[in-house]
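Novice: When you get a sec, could you build the whole thing from the sequences and use the hints?
Protein chains: 2
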Amino acid sequence: MKQVLVVNAALRLPKGKLAAQVAHAAVGAFLEATTSAQQRWLDEGMPKVVLKGNSAEELLRLQTLARQRHIPTCLISDAGRTVVPAGTVTCVGLGPAGDNEIDEITGALKLLS
Amino acid sequence: MKQVLVVNAALRLPKGKLAAQVAHAAVGAFLEATTSAQQRWLDEGMPKVVLKGNSAEELLRLQTLARQRHIPTCLISDAGRTVVPAGTVTCVGLGPAGDNEIDEITGALKLLS
Numbered sequence: 001m002k003q004v005l006v007v008n009a010a011l012r013l014p015k016g017k018l019a020a021q022v023a024h025a026a027v028g029a030f031l032e033a034t035t036s037a038q039q040r041w042l043d044e045g046m047p048k049v050v051l052k053g054n055s056a057e058e059l060l061r062l063q064t065l066a067r068q069r070h071i072p073t074c075l076i077s078d079a080g081r082t083v084v085p086a087g088t089v090t091c092v093g094l095g096p097a098g099d100n101e102i103d104e105i106t107g108a109l110k111l112l113s
Numbered sequence: 001m002k003q004v005l006v007v008n009a010a011l012r013l014p015k016g017k018l019a020a021q022v023a024h025a026a027v028g029a030f031l032e033a034t035t036s037a038q039q040r041w042l043d044e045g046m047p048k049v050v051l052k053g054n055s056a057e058e059l060l061r062l063q064t065l066a067r068q069r070h071i072p073t074c075l076i077s078d079a080g081r082t083v084v085p086a087g088t089v090t091c092v093g094l095g096p097a098g099d100n101e102i103d104e105i106t107g108a109l110k111l112l113s
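Top line first, the protein sequences correspond to chains A and B.
Going by this note's numbering, 16 is the number at position 16 of the first sequence; the sequence numbering is gapless.
Going by this note's numbering, 107 is the number at position 107 of the second sequence; the sequence numbering is gapless.
Keep in mind that the hints were calculated from the coordinates and are not lab data.
Computed from a prediction, not measured in an experiment: that's the story for all the values here.
Each hint should be verified, as a subset may be incorrect.
Taking lysine-lysine pairs in the BS3-like style, the calculated list, with each CA pair at most 25 angstroms apart, reads [to be verified]:
id	chain 1	residue 1	chain 2	residue 2
1	B	K110	A	K110
2	B	K17	B	K2
3	A	K2	A	K15
4	B	K52	B	K15
5	A	K15	B	K17
6	A	K52	B	K15
7	A	K17	B	K110
8	A	K17	B	K17
9	B	K110	A	K2
10	B	K2	A	K17
11	B	K15	A	K17
12	B	K52	A	K15
13	A	K2	A	K17
14	A	K52	B	K17
15	A	K2	A	K110
16	B	K52	A	K52
17	A	K2	B	K15
18	A	K110	B	K15
19	B	K2	A	K110
20	A	K15	B	K2
21	A	K110	B	K17
Here are a few chain B residues that face chain A, going by a calculated C-beta distance under 8 angstroms [what the hints assert, rightly or not]:
id	residue
22	K2
23	A10
24	G16
25	L18
26	A20
27	V22
28	A23
29	H24
30	V27
31	V50
32	A108
33	L112
C-beta atoms are modelled at their ideal positions from N, C-alpha and C, and glycine is treated no differently.
Specialist: Next up, the structure:
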């Protein structure tokens with residue numbers, strides 16, 4: 001089991017802002033999962049990977065693919081109070097779900113360094 | 001209601017690594033909260049702030065203060081597989097809890113930029 005958080009790297013958000021968006025997506029996608037998937041993921045120590053997306057469109061496409069596979073997702077749009085315009089897609093959370101299921105969708109993406 | 005994530009800025013973690021630690025703390029502290037506190041926080045849109053701590057000791061001290069006040073907390077130590085030595089304290093999550101309760105503990109800390 002794992003959870004993947006894909007950020008919109010084109011926005012070049014500052015560290016703290018980026019971390020808040022990722023945390024938002026992590027909690028949001030977790031809450032979309034079944035109790036049994038939540039529990040398995042917690043038992044495994046909440047494995048979590050942050051990957052780099054290139055655009056809002058890419059994040060939306062990942063969400064569509066995940067939904068088709070019944071993987072829990074949460075798309076975060078910033079409220080726009082601080083750094084970016086309101087409604088900007090900043091991050092999408094996928095899972096917790098099985099490693100293979102997630103890799104089918106995000107396997108080609110790079111780790112955010 | 002809000003949740004505060006305080007990172008150990010002395011580690012100068014790369015963006016992706018930092019975001020994963022913050023997300024870990026966010027989910028962990030959320031799960032420590034009462035159902036009623038969770039629900040109130042979700043209803044308010046999961047307000048979340050990422051703040052800058054200066055050392056592992058500071059994060060441990062914040063956790064102690066939070067526990068004394070029955071604020072949910074989650075201290076994250078990295079498994080040490082990648083960037084930092086095993087057991088390194090990277091982040092502490094505090095809340096969801098009332099704004100005033102949290103500010104009593106973290107009000108003097110700066111936003112992580």
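Novice: Which of the listed hints are not met by the structure?
Specialist: Of the numbered hints given earlier, those the structure breaks are 1, 9, 19, 22, 23 and 32, listed in rising order.
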